Every structure is written in C-alpha cells, then in structure tokens.
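Residue-level listing of the chains:
There are 2 protein chains.
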Amino acid sequence: MNSMQMLKKEINLVEKMIRKDVATEATVKNLYEHIFKSNGKKIRSRLNLISSSLHRNKNKIHRIRLAAIIELLHTATLVHDDVVDDSSIRRGNRSVNNIWSNAHGVLIGDYIYSKAFMYMVDIGNQQILQELSNATNDISQGELIQLDAINNKEITLNKLKKISYFKTGRLFEASAKTGAILAEANKKYIENISKCAKNIGILFQIKDDLLDYSTNLKTGKPQFQDLKEGKITYPFFYAYKNANNKQKEILINSLGNKKVQTLKILELIEKLNGIKKTEDLAKQFYKNAIIFAKEIHNIEVQKEMIELTNTAFNREK
Amino acid sequence: MNSMQMLKKEINLVEKMIRKDVATEATVKNLYEHIFKSNGKKIRSRLNLISSSLHRNKNKIHRIRLAAIIELLHTATLVHDDVVDDSSIRRGNRSVNNIWSNAHGVLIGDYIYSKAFMYMVDIGNQQILQELSNATNDISQGELIQLDAINNKEITLNKLKKISYFKTGRLFEASAKTGAILAEANKKYIENISKCAKNIGILFQIKDDLLDYSTNLKTGKPQFQDLKEGKITYPFFYAYKNANNKQKEILINSLGNKKVQTLKILELIEKLNGIKKTEDLAKQFYKNAIIFAKEIHNIEVQKEMIELTNTAFNREK
Chain A
1 MNSMQMLKKE INLVEKMIRK DVATEATVKN LYEHIFKSNG KKIRSRLNLI
51 SSSLHRNKNK IHRIRLAAII ELLHTATLVH DDVVDDSSIR RGNRSVNNIW
101 SNAHGVLIGD YIYSKAFMYM VDIGNQQILQ ELSNATNDIS QGELIQLDAI
151 NNKEITLNKL KKISYFKTGR LFEASAKTGA ILAEANKKYI ENISKCAKNI
201 GILFQIKDDL LDYSTNLKTG KPQFQDLKEG KITYPFFYAY KNANNKQKEI
251 LINSLGNKKV QTLKILELIE KLNGIKKTED LAKQFYKNAI IFAKEIHNIE
301 VQKEMIELTN TAFNREK
Chain B
1 MNSMQMLKKE INLVEKMIRK DVATEATVKN LYEHIFKSNG KKIRSRLNLI
51 SSSLHRNKNK IHRIRLAAII ELLHTATLVH DDVVDDSSIR RGNRSVNNIW
101 SNAHGVLIGD YIYSKAFMYM VDIGNQQILQ ELSNATNDIS QGELIQLDAI
151 NNKEITLNKL KKISYFKTGR LFEASAKTGA ILAEANKKYI ENISKCAKNI
201 GILFQIKDDL LDYSTNLKTG KPQFQDLKEG KITYPFFYAY KNANNKQKEI
251 LINSLGNKKV QTLKILELIE KLNGIKKTED LAKQFYKNAI IFAKEIHNIE
301 VQKEMIELTN TAFNREK
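Chains A and B supply the protein sequences, listed in that same order.
Under this note's numbering, the first residue of the first sequence carries the number 1, and numbering increases by one thereafter.
Under this note's numbering, the first residue of the second sequence carries the number 1, and numbering increases by one thereafter.
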C-alpha cells in the first residue's frame with residue numbers, strides 16, 4: 001500500500017471511531033448521527049494524520065484518536081457557526097438549528113466539544129492538550145472578532161488576516177503541530193509543518209471567501225452568503241478600497257442586504273479588482289505554504305503537504 | 001483567621017484571577033467583563049475550595065486556579081443556557097444574548113469553556129482533566145435530555161432525577177472530587193465528599209425548581225419560567241400524577257403558555273400536593289448529603305460541608 005492508500009484507510013478508521021462512540025440517550029444519539037451522517041472534506045484530520053505519519057505505526061490508536069479529536073473540534077465549531085450565522089444547510093444536509101432548534105445546536109456543539117476533550121485526556125499528552133485548548137480558544141476569539149466586524153467598512157487588511165488565521169488557520173496549524181508532537185518529531189519538523197499548515201489554512205479560508213463570490217454551483221453552500229450577512233471578506237474589502245464614492249454607496253447598500261442583486265455586485269467587485277486582488281493574496285499564502293513544505297525533510301510527508309497545498313489552492317467547493 | 005474567613009479570602013482570589021485574565025480584543029473583553037461584573041453565588045467553587053482545603057496551603061495557586069476553572073465552566077453553561085432558554089436576565093443583569101445577540105452568547109460561551117480547559121492544562125493533573133471533561137459532557141447531555149422533555153407529560157421521575165443530576169449535581173460532584181484529587185486525599189475522602197456534593201447539587205436543583213413555583217421575589221429571576229417554557233419539573237410532575245382528568249387538562253394547557261394565570265396554577269399544584277411532594281424529595285437529598293458529610297473525617301471540612309448542605313436546603317434565591 002502506498003502512503004496515499006494508507007492515509008485513506010486511516011481516514012476511514014477516524015470516521016468509524018467517531019460514529020461508533022454514540023451516547024445511548026436518544027436525543028443525543030439522533031443529533032449526533034445526523035451531524036456525522038455526511039462526510040466533510042476532512043482536510044484538517046487528514047493534515048493531522050500526515051503530520052503524525054512520520055512514525056506511521058507507532059502509537060497507531062492514538063494517531064487515529066487524535067485525528068478524530070481534530071474532526072470533532074472542527075465539527076463542533078461548524079455546528080455552533082450554523083447557529084451564529086443562522087445557516088440552514090451544512091454539508092448538503094439541513095443544519096441542526098434548522099431541523100431542531102438553535103438550542104439543540106448550542107448544546108450538541110457543547111457535547112461534541114467536550115467529547116473531543118475527553119479523547120484528548122485519553123491521549124494524555126500535556127503539549128497536545130495545551131495546543132488544542134489554546135487553538136479552541138483562539139477560534140472562538142476569531143469568530144467573535146468577525147461578528148464584531150459585521151458591516152464595519154473601516155475594517156483593516158490586518159484585521160481580516162487575523163480573522164482568517166484565528167477562525168481557520170489556527171486549527172490547521174494545531175492539527176499539524178499536535179500530529180508532529182504525537183510523532184515525537186524534532187523541533188524543526190514541528191515548526192515547518194505547523195507554519196506550512198497555518199498558511200494552507202489561511203489559503204483555504206481565502207478560497208472559501210472567493211467561492212462565496214463565485215457562480216460555481218459545486219460548493220453545496222448558498223452563494224453570496226457573506227455579503228448577505230454583512231460580512232466583509234477580502235473581495236469586498238479590496239473592491240471597496242478601489243471604489244469611487246458612488247460605487248462605495250452601491251457596495252455599502254449591498255452589505256447585509258438579503259435581496260441584493262448578486263450578479264450586478266459581482267460584476268462591480270470584479271471591475272474594482274476585488275477578485276483579482278484576493279486571488280493574488282491566495283497566491284502569497286500558497287507560495288508560503290510551499291516554501292515551508294519544502295523544508296520538511298521526510299519526503300513522503302513533504303509530498304503529501306505539497307499535494308494538500310495544491311488541493312487547497314485548487315478547491316472548487 | 002478561622003476557616004470561614006480563609007475561604008472567603010480564597011473566593012476573592014478566585015474572582016480576581018478570573019477578572020484579571022482578559023483578552024485584549026475589545027469584543028472579547030467587553031463581553032467577558034459584562035459577564036463577570038456581577039458575582040454569582042459561587043457555591044460550586046466554594047465547594048471545590050472546601051474539598052481541596054484538606055491541605056490548605058499546599059499547592060495554593062493550583063487550588064485557586066481549580067476553583068476558577070469550576071466557576072468558568074459553570075459560567076459558560078449559564079451563558080449557553082441563556083441562549084437555549086432565550087432568557088433576558090442573568091444575575092440581575094441583562095444576559096449576553098439580550099444585550100448583544102445569540103451569536104455572541106454562543107461564542108463567548110465557547111471562549112469561556114476553552115479558557116477553563118487552558119487553565120486545566122496548566123494544572124496538568126490527568127485525573128482532574130478526566131473528571132472535568134466528563135462532567136462537561138454530562139452537563140450538555142443533561143441539558144439536551146431536558147430540552148427533549150419539554151411538554152412531555154409522560155416523563156418519568158427517573159428521567160427528572162437524571163436531568164437534575166446531569167445538569168446540576170454532576171458539576172457539584174466534580175467540584176468536590178477534583179478538589180479532593182488536588183489535595184491528594186485518600187479514596188474514602190474522595191468518595192464521601194463527592195457523594196455528599198452530588199446530593200447537595202441535586203438538592204440545589206430541586207430547590208431551584210421549587211423557587212420557580214414560589215411567589216418569593218428574592219431570586220432575581222422571573223417566576224414560573226419553567227412552566228412558561230414548557231419544562232416539566234418536580235412540582236408539576238407530582239401534581240400531574242395526582243390530578244383528575246379535568247385538572248390534567250388545566251395543567252397541560254398551562255404548560256408552555258406564556259400568558260398562564262400563574263397564581264391559579266400554583267394553587268392547583270399546591271392542592272395536588274406538587275409542592276409538598278417536591279419538598280419531601282428535597283429532604284431526601286438533604287438527608288443523604290448530611291449522611292455522607294458526616295463520614296468525612298476532617299472536622300473542618302465536615303463542618304463546612306454540613307453548612308453548605310444547610311445553605312442549599314434553606315436557599316431563598
């Protein structure tokens with residue numbers, strides 16, 4: 001089996017581990033099974049497994065468990081995000097808050113979070129616990145900063161980057177770092193793979209922002225959602241910076257407007273270089289990720305990380 | 001200084017520790033400060049400090065930190081509960097979801113949860129981590145079971161007891177247990193104080209249910225909230241069991257009815273022994289708590305636990 005096939009097998013084990021461990025209480029069970037019935041992209045747990053694959057078969061059960069933790073943490077944030085954003089669709093299915101209620105979304109999110117911490121305690125590695133509790137804290141901060149930035153047209157590029165890092169890059173980074181810690185890798189490896197992963201994560205988020213402004217229908221998500229929610233992301237940010245007063249007014253009026261004429265706005269944002277500049281920004285993070293990937297000495301891991309960077313860069317959903 | 005005074009001083013240190021550690025991000029800071037500007041009863045962190053006071057000055061910084069963790073975990077559940085129940089008042093102030101939004105409540109709750117886990121990792125005790133991550137998971141399960149039980153007039157006494165244990169007794173139990181673990185107490189002490197605390201917690205919850213059906217104005221909470229939200233608690237449960245068909249109909253119609261004639265319903269529930277039977281149940285848990293308290297050999301701790309049991313039993317808010 002080559003390393004790609006092994007990785008695929010490991011991802012299957014992660015899915016099995018998550019699905020197997022269901023509470024007996026019917027309420028909890030139904031919610032949990034609904035959430036995990038459709039598979040996400042699992043890019044974060046994949047990243048974690050790549051990072052810990054430095055010693056593939058040493059500590060195998062802990063490797064799978066750690067990847068499951070990453071997936072649980074990520075899923076908990078998604079479930080809470082759906083409440084925060086009042087989203088009705090997740091991974092092609094109706095969201096928990098849509099089928100049940102916000103209350104169910106909040107509580108099953110807490111359930112999944114604490115389940116992740118229970119698994120972490122089982123692994124019993126102090127550094128891993130530290131990194132993941134810090135990352136979880138940073139993610140919630142990132143989401144809060146983003147919430148506060150809604151409709152704030154004065155937002156700076158630095159603030160946008162901080163949001164992308166905290167809400168997305170941070171868990172990518174922690175996934176790589178904890179995988180490396182579990183593999184007892186040396187300092188250089190931990191540093192390179194963490195930085196590579198952080199850049200992939202931010203790249204992934206920038207691409208997510210771009211996809212929201214695309215007319216691509218593969219995402220399974222509603223289009224122009226950020227704009228309609230009043231969230232300023234990179235395409236809007238860059239376009240607004242280049243806009244004249246009249247264009248600024250049009251852009252501001254579109255923000256948070258559920259009935260916005262999306263194609264017209266897209267045209268304007270394109271004309272004002274909002275898409276192009278965001279693509280350039282994505283390229284920067286892509287390049288940085290590749291630089292750090294190439295510093296990883298283990299050839300298998302290096303190859304996988306480069307491939308993951310390419311996947312993030314070329315994502316269409 | 002007697003042990004009561006020392007405990008008071010320690011509680012102050014807990015409050016200071018929590019308030020001192022604020023994020024620099026304005027959004028996070030404002031929410032956090034709003035939440036911690038009014039003091040709760042701190043019965044759980046007090047319990048934790050009593051339990052760890054077996055060796056009062058050994059590991060003092062960790063004792064304070066652990067009590068802060070308990071308070072943070074409890075506060076996180078309150079903030080999420082206010083979203084779940086759509087409550088507008090908490091500790092005499094407007095709730096986060098009321099001033100800001102549900103989204104803010106969800107995210108700052110996550111922030112406080114993960115902050116608690118960060119502190120736990122600092123303490124670095126595997127058993128404590130295990131107990132607290134398990135307890136957090138059980139609490140969310142308790143809340144979910146309760147949510148599912150809304151308007152369910154077929155609910156059993158066992159289910160109600162499970163809800164009281166999971167949503168309230170569990171954190172009381174974990175507070176005592178982790179305090180004892182930190183103090184490196186023997187197995188007997190851990191067991192007795194944990195069981196005592198579990199009973200105090202359930203007692204505390206039963207009293208909470210009773211206060212919701214009282215005309216006492218000290219609680220700072222709205223009255224008949226459980227009934228209006230469709231939550232069946234002990235007074236309703238017992239009354240319903242004793243009701244004839246006509247009375248059953250009146251009770252069912254009052255459930256989840258925001259415009260219910262509360263005094264009329266209270267009169268009916270009293271007539272059907274709902275209050276009396278709930279008070280009897282409270283007495284059972286009171287007695288059990290006292291039995292386990294008396295098994296604690298350390299006289300200071302025993303005294304404090306008995307006092308705490310009395311406080312819970314006599315609570316008027």
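Read the hints as simulated data drawn from the structure, not as lab findings.
You may find that some hints are simply not true.
Treat identical chains as interchangeable: a pair holds within one or across any two.
[Unchecked claim] No more than 20 Å apart at the CA atoms, straight line, and that leaves these computed lysine to any residue pairs for SDA-like:
#1 K162 <-> A23
#2 K277 <-> D86
#3 K162 <-> N30
#4 K228 <-> M17
#5 K58 <-> N30
#6 K241 <-> D86
#7 K264 <-> M17
#8 K161 <-> T24
#9 K20 <-> G92
#10 K159 <-> A23
#11 K161 <-> N59
Nothing here was measured: the structure is a model prediction, and the numbers come from that model.
Each hint tested on the structure:
1. K162 <-> A23: between (37 Å within a copy, 15 Å between copies)
2. K277 <-> D86: neither (29 Å within a copy, 42 Å between copies)
3. K162 <-> N30: For K162 and N30, the Cα distance is within 20 Å only across copies (19 Å; inside one copy 36 Å).
4. K228 <-> M17: Answer is neither: 37 Å inside a copy and 41 Å across each miss the 20 Å cutoff.
5. K58 <-> N30: Classified as neither; 35 Å inside a copy, 46 Å across copies.
6. K241 <-> D86: neither (29 Å within a copy, 40 Å between copies)
7. K264 <-> M17: The answer is neither: 47 Å in one copy and 53 Å across copies each exceed 20 Å.
8. K161 <-> T24: Cα proximity of K161 and T24: across copies only (17 Å, versus 42 Å in one copy).
9. K20 <-> G92: Classified as neither; 22 Å inside a copy, 43 Å across copies.
10. K159 <-> A23: between (40 Å within a copy, 16 Å between copies)
11. K161 <-> N59: neither (36 Å within a copy, 41 Å between copies)
Hints 2, 4, 5, 6, 7, 9, 11 from the list above are not met by this structure, while the remaining hints are.
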